[in-house]
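Given chain A's structure and the hints, the job is docking chain B onto it.
Residues per chain are reported as follows:
There are 2 protein chains.
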Amino acid sequence: MIRRIFDEGMTRAQCYENLRVLCKDVGHRISGSPSAARAVVWGHQAMKATGADTAFLQPVMVPHWERGSVGLCELLIGGQSRGRLEVLALGGSDGTPDGGIEAPIVEVSRFTQLDTLGKAGLEGKIVFFNRAFPPTTISGFAAYGSCVDQRVDGASKAAAYGAVAVLVRSMTHALDPYPHTGVMHYDEKLPRVPAAAISTLSARKLHDSLAVGKPVRVRLNLSCRNLPDVPSHNVVGELRGTEFPNEYLVVGGHLDSWDIGEGAHDDGAGVVQSMEALRILKAIGYKPRHSIRAVLFMNEENGAKGASEYAAQAKAHNERHLYALESDRGGFVPRGFAVQDTGAFLKAMQELKPLFEPYGMSEIVSGHGGVDIGPLGKDGTRLFGLVPDSQRYFDHHHAQTDVFEAVHKRELELGAAGMAALIYLLDQRKE
Amino acid sequence: MIRRIFDEGMTRAQCYENLRVLCKDVGHRISGSPSAARAVVWGHQAMKATGADTAFLQPVMVPHWERGSVGLCELLIGGQSRGRLEVLALGGSDGTPDGGIEAPIVEVSRFTQLDTLGKAGLEGKIVFFNRAFPPTTISGFAAYGSCVDQRVDGASKAAAYGAVAVLVRSMTHALDPYPHTGVMHYDEKLPRVPAAAISTLSARKLHDSLAVGKPVRVRLNLSCRNLPDVPSHNVVGELRGTEFPNEYLVVGGHLDSWDIGEGAHDDGAGVVQSMEALRILKAIGYKPRHSIRAVLFMNEENGAKGASEYAAQAKAHNERHLYALESDRGGFVPRGFAVQDTGAFLKAMQELKPLFEPYGMSEIVSGHGGVDIGPLGKDGTRLFGLVPDSQRYFDHHHAQTDVFEAVHKRELELGAAGMAALIYLLDQRKE
Numbered sequence: 006m007i008r009r010i011f012d013e014g015m016t017r018a019q020c021y022e023n024l025r026v027l028c029k030d031v032g033h034r035i036s037g038s039p040s041a042a043r044a045v046v047w048g049h050q051a052m053k054a055t056g057a058d059t060a061f062l063q064p065v066m067v068p069h070w071e072r073g074s075v076g077l078c079e080l081l082i083g084g085q086s087r088g089r090l091e092v093l094a095l096g097g098s099d100g101t102p103d104g105g106i107e108a109p110i111v112e113v114s115r116f117t118q119l120d121t122l123g124k125a126g127l128e129g130k131i132v133f134f135n136r137a138f139p140p141t142t143i144s145g146f147a148a149y150g151s152c153v154d155q156r157v158d159g160a161s162k163a164a165a166y167g168a169v170a171v172l173v174r175s176m177t178h179a180l181d182p183y184p185h186t187g188v189m190h191y192d193e194k195l196p197r198v199p200a201a202a203i204s205t206l207s208a209r210k211l212h213d214s215l216a217v218g219k220p221v222r223v224r225l226n227l228s229c230r231n232l233p234d235v236p237s238h239n240v241v242g243e244l245r246g247t248e249f250p251n252e253y254l255v256v257g258g259h260l261d262s263w264d265i266g267e268g269a270h271d272d273g274a275g276v277v278q279s280m281e282a283l284r285i286l287k288a289i290g291y292k293p294r295h296s297i298r299a300v301l302f303m304n305e306e307n308g309a310k311g312a313s314e315y316a317a318q319a320k321a322h323n324e325r326h327l328y329a330l331e332s333d334r335g336g337f338v339p340r341g342f343a344v345q346d347t348g349a350f351l352k353a354m355q356e357l358k359p360l361f362e363p364y365g366m367s368e369i370v371s372g373h374g375g376v377d378i379g380p381l382g383k384d385g386t387r388l389f390g391l392v393p394d395s396q397r398y399f400d401h402h403h404a405q406t407d408v409f410e411a412v413h414k415r416e417l418e419l420g421a422a423g424m425a426a427l428i429y430l431l432d433q434r435k436e
Numbered sequence: 006m007i008r009r010i011f012d013e014g015m016t017r018a019q020c021y022e023n024l025r026v027l028c029k030d031v032g033h034r035i036s037g038s039p040s041a042a043r044a045v046v047w048g049h050q051a052m053k054a055t056g057a058d059t060a061f062l063q064p065v066m067v068p069h070w071e072r073g074s075v076g077l078c079e080l081l082i083g084g085q086s087r088g089r090l091e092v093l094a095l096g097g098s099d100g101t102p103d104g105g106i107e108a109p110i111v112e113v114s115r116f117t118q119l120d121t122l123g124k125a126g127l128e129g130k131i132v133f134f135n136r137a138f139p140p141t142t143i144s145g146f147a148a149y150g151s152c153v154d155q156r157v158d159g160a161s162k163a164a165a166y167g168a169v170a171v172l173v174r175s176m177t178h179a180l181d182p183y184p185h186t187g188v189m190h191y192d193e194k195l196p197r198v199p200a201a202a203i204s205t206l207s208a209r210k211l212h213d214s215l216a217v218g219k220p221v222r223v224r225l226n227l228s229c230r231n232l233p234d235v236p237s238h239n240v241v242g243e244l245r246g247t248e249f250p251n252e253y254l255v256v257g258g259h260l261d262s263w264d265i266g267e268g269a270h271d272d273g274a275g276v277v278q279s280m281e282a283l284r285i286l287k288a289i290g291y292k293p294r295h296s297i298r299a300v301l302f303m304n305e306e307n308g309a310k311g312a313s314e315y316a317a318q319a320k321a322h323n324e325r326h327l328y329a330l331e332s333d334r335g336g337f338v339p340r341g342f343a344v345q346d347t348g349a350f351l352k353a354m355q356e357l358k359p360l361f362e363p364y365g366m367s368e369i370v371s372g373h374g375g376v377d378i379g380p381l382g383k384d385g386t387r388l389f390g391l392v393p394d395s396q397r398y399f400d401h402h403h404a405q406t407d408v409f410e411a412v413h414k415r416e417l418e419l420g421a422a423g424m425a426a427l428i429y430l431l432d433q434r435k436e
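Chain order of the listed sequences is A and B.
Under the numbering used here, the first sequence is numbered contiguously, ending at residue 436.
Under the numbering used here, the second sequence is numbered contiguously, ending at residue 436.
Calculated from the structure, these hints are not laboratory results.
Hints may contain errors.
Pairs involving identical chains hold if they fit within one copy or between any two copies, as the list cannot separate such chains.
Cross-link-like lysine to aspartate or glutamate pairs, in silico, EDC-like; alpha carbons within 20 Å at most [claimed, not checked]:
#1 Lys352 to Glu362
#2 Lys53 to Asp384
#3 Lys414 to Asp181
#4 Lys358 to Asp158
Computed from a predicted structure; not experimentally measured.
Pulled out of the complex, with its shape left as it was, chain A reads as follows (with noise of 0.2 Å):
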């Protein structure tokens, strides 16, 4: 049954040619933008041609952000222009004033350093947090995990000193000219301070223009902004259950991306393979036990309002979960799963080796499932992420080299069947 699986899924797939539509016709699509609505279209769509028994519109309130015009960021040594740093503000940031904010340059690379340069070193100054990946940690989402902090909580955290600003390094192992985005949040006790992604390669230049000696400023110009939540929609499809129609299993990815790129591998990748999923077990004729669902969440990036919609839903409507599997960690080459999970269900799961061995995806490991199906997963469910190899991904990640052409055809299509295969094995397992 994998083989024939794995077999559907590598001569017959159709999730790069999906993929291909929704980056290229359709195109990055940020929560709330016109884009985002063509895509839940676009997913609709999409799902009926998998087979699905049924595909519907789950409606959810979206936060609504908008970048504006891009960003500027110019570098001001000992008084003199020295051009232009690569910024992209950081998603949920505050614009800048009319005519920008020029203020002296103060870096860092921990939160600590912050408590000891106190009011008195960064009051009225722009805070430049550059703490780089550390290039020993194999893992890209380890080390993103050991950086993200300056992204996430780096403004509040220099406006509590009295900074008005913030740079933070690209969340990326690369040395390369593109500005990588995400999620920022403030604390709403402090001070809303604008905060910009700088490039790898301009954090250099920056670094090195402190080492200088002479007074280095920066004059930042952000015209991003937040506004009131609007209304958009997660994209379910099913395959009825046979056996138990009222338990489900998910395989699900995100349908909304950042506002640069593609949202190729985040997570084009994931929607695709999930349509996918499913249409590899209608094409084989499985008839599954339970209720097999692919849900293209909606908000994944700036605020996991699908996810928890999606969650609440299946609460009010009693609809037992058991089971739900994420692609959000890019299309690249499948390596196994992550098991939400360090106890006997883990090691349960890990039996399932052999079987993924011919495909070279065993690496069945404790960790994440992911964002979108958290909120499952506090109700009971048991949550899996498919695993990819991490080298490549945060080249892309966030940045807008995040596109259709950064995606194999194959790897791609390995991870889908995967996917399909996993599910299958869960729609079988008697607890």
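Just chain B, lined up with the frame of chain A:
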């Protein structure tokens, strides 16, 4: 110690920069060419720069095949020209007579079809071998193994029935416009007919043309030729053993490449990784028990003369070679190692898995070591091959797309560090 090796390899690696120089300044480097001679000079210098105790050149005579001008292949349907098909002469092929060969096309996918067609069906024809990589075969190398007989033996198999030339579908899963060359052999008892690779897109065009029903002919023009053998060299670097200086461990790749692209994955990656493994061990101050050699073999692609010469010299000088590790499957993210054994030794090596798990390269499986270390294996050396992920390799293999930009810095470095770690573990091993 393994951690120290990886920390050195992920922070101060020189292999990516070395690969850039080899690809961009030396370029492609087929045996016997001026650029292969430049590669030897470069390799000798780069080997010294690793900190090797000694670095020397080992003379070897190698085949000399020249492509000449680019091959031409014109498609004729019902006597009308339908444009060009993308082809590249196979390595070792003789050229066509002046003015080329024009003949009808016969498509086959298996050698047994030749026997069925016989002289009546094949005499005076050009045979088009169009057996595709099976999409359901997961490993790229397994797919290659199931098709490459067409390229290696197709010409003589067809010549046996009077065919005048052959076109062979390129060895790749990808549907692309790039012909993938590679070695072919003549059965010297049969006429030597010209042989060329045809891109998968052109193969589709030719296949579709045959389906129309009108007479399909092609006009093939190849100006390649075989010339007398010429002198060249293997490049060898050595860290002298402290306990058993006359017992050797070898880590190697091949310095020659095909005469298109830049030989980045095949096998620039193996070349720079082998030198990097030596550099890492030297840089961390490791004093090996046995002598460790990095060997850049000449002429893997079309003769493996460097391989046999190295083994012959080892035997002649009574240098006992315990272990040899080759990297010749591309510079992609490493998954583990192949051990050329199926018994107790393989089992013993699989006990090393936990040491490689933190680096994502713990797949220690039975498999081929490599062409260059093969002759050592016949004299009792234990053979190993680095096993990177294979999904993308045949997109680039022997094609113009095998360029530096297709290699990922961290993936290359991880492979090199893993090789250093395995060599360290083997050096420490008490049999």
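Here's how the hints hold up against the structure:
In this assembly of identical chains, Lys352 and Glu362 lie within 20 Å of each other by CA distance both inside one copy and across copies; the values are 16 Å within and 17 Å between. With identical chains, the CA atoms of Lys53 and Asp384 are never at most 20 Å apart, being 29 Å at best within one copy and 62 Å at best between copies. In this assembly of identical chains, Lys414 and Asp181 lie within 20 Å of each other by CA distance solely across copies; the values are 13 Å between and 25 Å within a copy. For a Cα distance limit of 20 Å, the shortest separation of Lys358 from Asp158 qualifies neither inside one copy, at 39 Å, nor across copies, at 39 Å.
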